[in-house]
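Chain by chain, the residues run as shown.
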Amino acid sequence: MTPGEIAALLTEGFGSRVLESKPDAINPWSAVEPSAILEIAQFVRSDERLSMDHLELLGGVDYKDRIEVVYVLFSMTHRHRYTLKCRMPREAPGIHTVESVWAVANWHEREAYDMFGIVFEGHSDLRRILCPDDWEGYPLRKDYKFPTTYRDMPV
Amino acid sequence: MKAEYSGEVMTLNMGPQHPSTHGVLRLELKTDGEIVADAVPHIGYLHRCFEKHAENIDYAAVGPYTDRMDYCAAMNMELGYVLTVEKLMGIQVNNRVRCIRIIMAELNRIASHLIAAGTYGNDIGSVTPYLWCFRDRETILDLFEETCGARLLYNYNWIGGLMADLRPGFEKKLVEFLDYFEPQVDNLNRLLSDNYIFIQRTAKVGILSPELAVSYGVTGPNLRGSGVKFDVRKDEPYLGYQDIDFEIPVGKGEHGPVGSCWDRYMVRIREVKESCRIVRQAVAQLTPGDVQESIPKRIKPPVGEIYMRTECPRGELGYYIVSDGGLKPYRLKVKSPCFTVMSAFREVSRGAMIADIIAILGSFDIVLGEIDR
Amino acid sequence: MESIAQLLRLIPKYEAFPQLVQALLPMLVSCVLIFAVLALAVLFAVWLERKVSAHIQDRLGPMYVGGWHGWAQTLADALKLLLKEDIVPASTDRILYKMAPYIVFLGAFAAFVVVPFGASSFVTDLNIGILYVVAVGSLSVVGIIMAGWASNNKYSLYGGMRAAAQIISYEIPSAIAIMAVVIPAGSLSMVEIVNAQKGGIQNWFVFRNPFIFLAFIVYFVASLAEVNRTPFDIPEAESELVAGYHTEYSGMRFAFFFLAEYANMFLVASVAATLFLGGWTQLLPASIAPQILPGPVLFFGKVLVLIFIQMWLRWSLPRVRVDQLMYLSWKVLLPISLVLVLGVGWLAVDW
Amino acid sequence: MLTYFRNLGLGLVTVLNSMGVAWRHLFTRSVTLQYPTVKWQMPEGSRMRLFNKIEDCIGCGQCARVCPTDCITIQTEKRGKDEPEIFASDGTVIKLRTYVFDIDMTRCCYCALCTFPCPTLCLVMTGAYEYSVYDKDEHIYHFAKDKPLTIKAPKVLSTDKA
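Residue numbers (this note's numbering), protein chains in the order written: chain A, 1 to 155; chain B, 156 to 528; chain C, 529 to 879; chain D, 880 to 1041.
Bear in mind the hints are in silico, worked out from the structure with no lab data behind them. Watch out, some of these pointers could steer you wrong.
[To be verified] Example chain B residues on the side facing chain A (calculated, C-beta under 7 Å, incomplete):
1. HIS202
2. PHE205
3. LYS207
4. PRO365
5. VAL369
6. SER449
7. TYR462
8. GLY473
9. TYR475
10. THR495
11. ARG501
Model, not experiment: these values are computed from the prediction. In this text, a Cβ means the ideal position worked out from N, Cα and C, and glycines have one as well.
Isolated chain A, as found in the complex:
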């Protein structure tokens, strides 16, 4: 299916909760309500026309005014790809986990939490994955100040 049809399918299925779609960009995407992410994920995976069974990438992006979570989905059977985006406020970014839909999301969400501080409700064990467990601050945020010492060792 072409990105245009996917965008149409999404807006027809979820109407107002699909905020914006850009099927003709190099990387076709559509912005989605953060609260509806679990439903859309289950729909996108179970619907046989889409059957996006391969979550390729789940990454956080810090735009100055908001934090976004990007889901790049791919279907092994139909060989088409589509991107979903959820926009969240910078102060307390929180979204529901999609670990139940794609098991790969478990580690990717832990990395997004570690790097951006996005809290994924319902995640099995939301801990830091790359930085040490007692590391303060979220490194990949734009306003991140480098700590001078870590456990009084110069960094």
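Could you slot chains B, C and D onto chain A? The hints should help.
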């Protein structure tokens, strides 16, 4: 082999400094005697914040950093990054650059699979294949060194072209090497792959079912080992792979259920043979031309975002670049194949024995530089 | 030992020494002699192993130390280990930790008392020779378990437990395979066994009948496991248990473990050579030519061939897993060795 | 019962097979290169230690700007009007006196990005790979020969990145 365990549990820390964790990985094993009830991987010991670096240096300077991610297959890492930025900027490269990139990427794939096969023999206990594989890999490194001057981290692929053209006589040396190398692979098979002890150690161990593999986002030889025929070079051809004919080896489960360690290992060995075929055809398609003609003076990609995948020896490597029109990438996220395979490790290694944990880890062929970035 | 005793009588005023010293002195001299022979053999065996492994892997092996092909490499290693700091980890069980390497070496060293190197050059001719060798051989596993337990390290504990399980379960098939030789030889004493194989290659037990030939293979495989050599080197599996039972050892103690491993290898090869390949008897049939080469040269030749095969196996086979090891011992070697003894016994009775 | 003996036979045959392969390799020529006595012959394009021919350097700072790890620090000052005109070997006039040109080889990542933008190609990567030292500071190579005439606050040309 699902052995349930009873009795009290001893936690055994395997790593981060352990001879066969292929890098700084810590496995927290909950063992009862030899049976391992639960293996929790801890990563992050080699985290060098590549993505933060990438936001502070310009596009051309990110190249050498991408080499450092998967240091066993640096050429494929650069290639992924360079192709993504070229697609974002809409740069077209001439046929010579495309063919040289295919040759270099496939040679690097052979070298990386040789490391995987050699260290896997070492993990299972026989040291000789390790030395034989590294002896053959040495010739490939000499070819790289003669072309771009470095053996392991090349920075050879630039955005829009290559650092240097092939030296005269490179094609002759390359074909000579391929003719010498192909019988060596059968030699290795007779020593290791068909050895009954090796088959016993790897055939019914670490079964990764196709559904579990897709759900855990496993890609590359590990996915093909589970019988799923999926390869980015065939599925979404880039760089001119569409007019090169080669097959995708898939695990068929000759010795026990599909998706065992032996299948993943055998897929890599057969892929080495396929790569030799690809290199021969790419050498035949070489046409004269200037390799640096379409390198832009100043690299300022338009505003926008891009996600592109390439087939690196360990799986499907994806670069997601967001550009705000400036000289530096606004956000660069890397989808690393070993990261996803490692998340499936806990599921696969439940109920295995300690010796199997090493066999499963070796068959996944992970590189910690790529997991921790 | 008698020849040594005569030699000692040549010392002037030998009779003046007290009676006890006169009895103990020959034993002491022969013990030192055996230790010297063993140390030299181990030095050569370690160098040979590094050269064999090198050339199998298309390498060169030691080339610099001591001139032609680095013959003094093992001597240099021994000296280096002598000077290395001998770390005893803090919370180890001190006495066991210190005694373990010597017990492992004792197991191998004590068994050389009965091995006949030549016609008259053996220490004693025990009439229960081979039974004594099997009994003392199992002493080294006690040392390994002590090392595993004492170094207070989880990996060493695993190594020790694995060694216990492995050596105990492989002693049975090797003991039964030895019985297959004792029946036609008619006596347990090693000297008698060698005398029964005198007179050329056709009298060797190995070629006596097919059952004994299979018994030789069973014994060789079981002895590989007893000595922790690949494909059965699970107690000190580098890739799984870091270094198994001798992870915490360093300096001279580690050198002693190394010496003990090669001494064990040497012991097993010499027992196999004495039992199956006719110890120091000649190769050519007696009818063609009498024995020209001296006994020990022939004996060491056969032992070196067997040691080469052990090294060759080590560098071309992967390692088995613990449960496969147990399967091989109890389900394969044991039944086969029982059948072989049955066969040999059936042939030995002259109908 | 049959698979028992089949496995046994299979085990024996494949073990002997791999031992045969190992035996054949006992007699193949070994590939070791005995390093201290026989040196590795480096191809001429190999990228090892950096070298800068200071006479040709016009102090433009292109290399410092493009280096991903900021290991080149350059300090220059204008040459006075009265001083004699000096030219690089390929004829470009040198208007700046570089009195500090340091390359810190411990930070260098050997990517050779600096050798390409150099206008007079005075910065090259030589084939020298044996330069290990006991003290890290000895790895900071100082190529500048001139002395600064007017002492003023050092203007570090290489933009100080994060």
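Now for the hints, and whether the structure bears them out:
The beta carbon of HIS202/B is positioned within 7 Å of a beta carbon in chain A (closest approach about 4 Å), and the interface hint is therefore held. About 11 Å separates the beta-carbon of PHE205/B from the nearest beta-carbon of chain A, more than 7 Å, and the hint is not met. Satisfaction of the interface hint for LYS207/B is found here, the shortest Cβ-Cβ separation to chain A being roughly 6 Å, below the 7 Å cut-off. For PRO365/B, the interface hint is violated, the least distance from its beta-carbon to any beta-carbon of chain A being 10 Å, above 7 Å.
The interface hint given for VAL369/B is met, as the beta carbon of that residue sits about 6 Å from the closest beta carbon of chain A, less than 7 Å. Contact between SER449/B and chain A, as hinted, is not supported at the beta carbon level, the nearest pair being about 19 Å apart and thus beyond 7 Å. About 5 Å separates the beta-carbon of TYR462/B from the nearest beta-carbon of chain A, less than 7 Å, and the hint is met. Because the smallest distance between the Cβ of GLY473/B and any Cβ of chain A comes to about 6 Å, under 7 Å, the interface hint for this residue holds.
Of the supplied interface hints, the one on TYR475/B holds, with its beta-carbon coming within about 6 Å of a beta-carbon of chain A, less than 7 Å. Checking THR495/B against chain A by beta carbon gives a least distance of about 5 Å; that is within 7 Å, so the hint holds. Against a cut-off of 7 Å between C-beta atoms, the interface hint on ARG501/B is violated, since the closest Cβ of chain A lies about 10 Å away.
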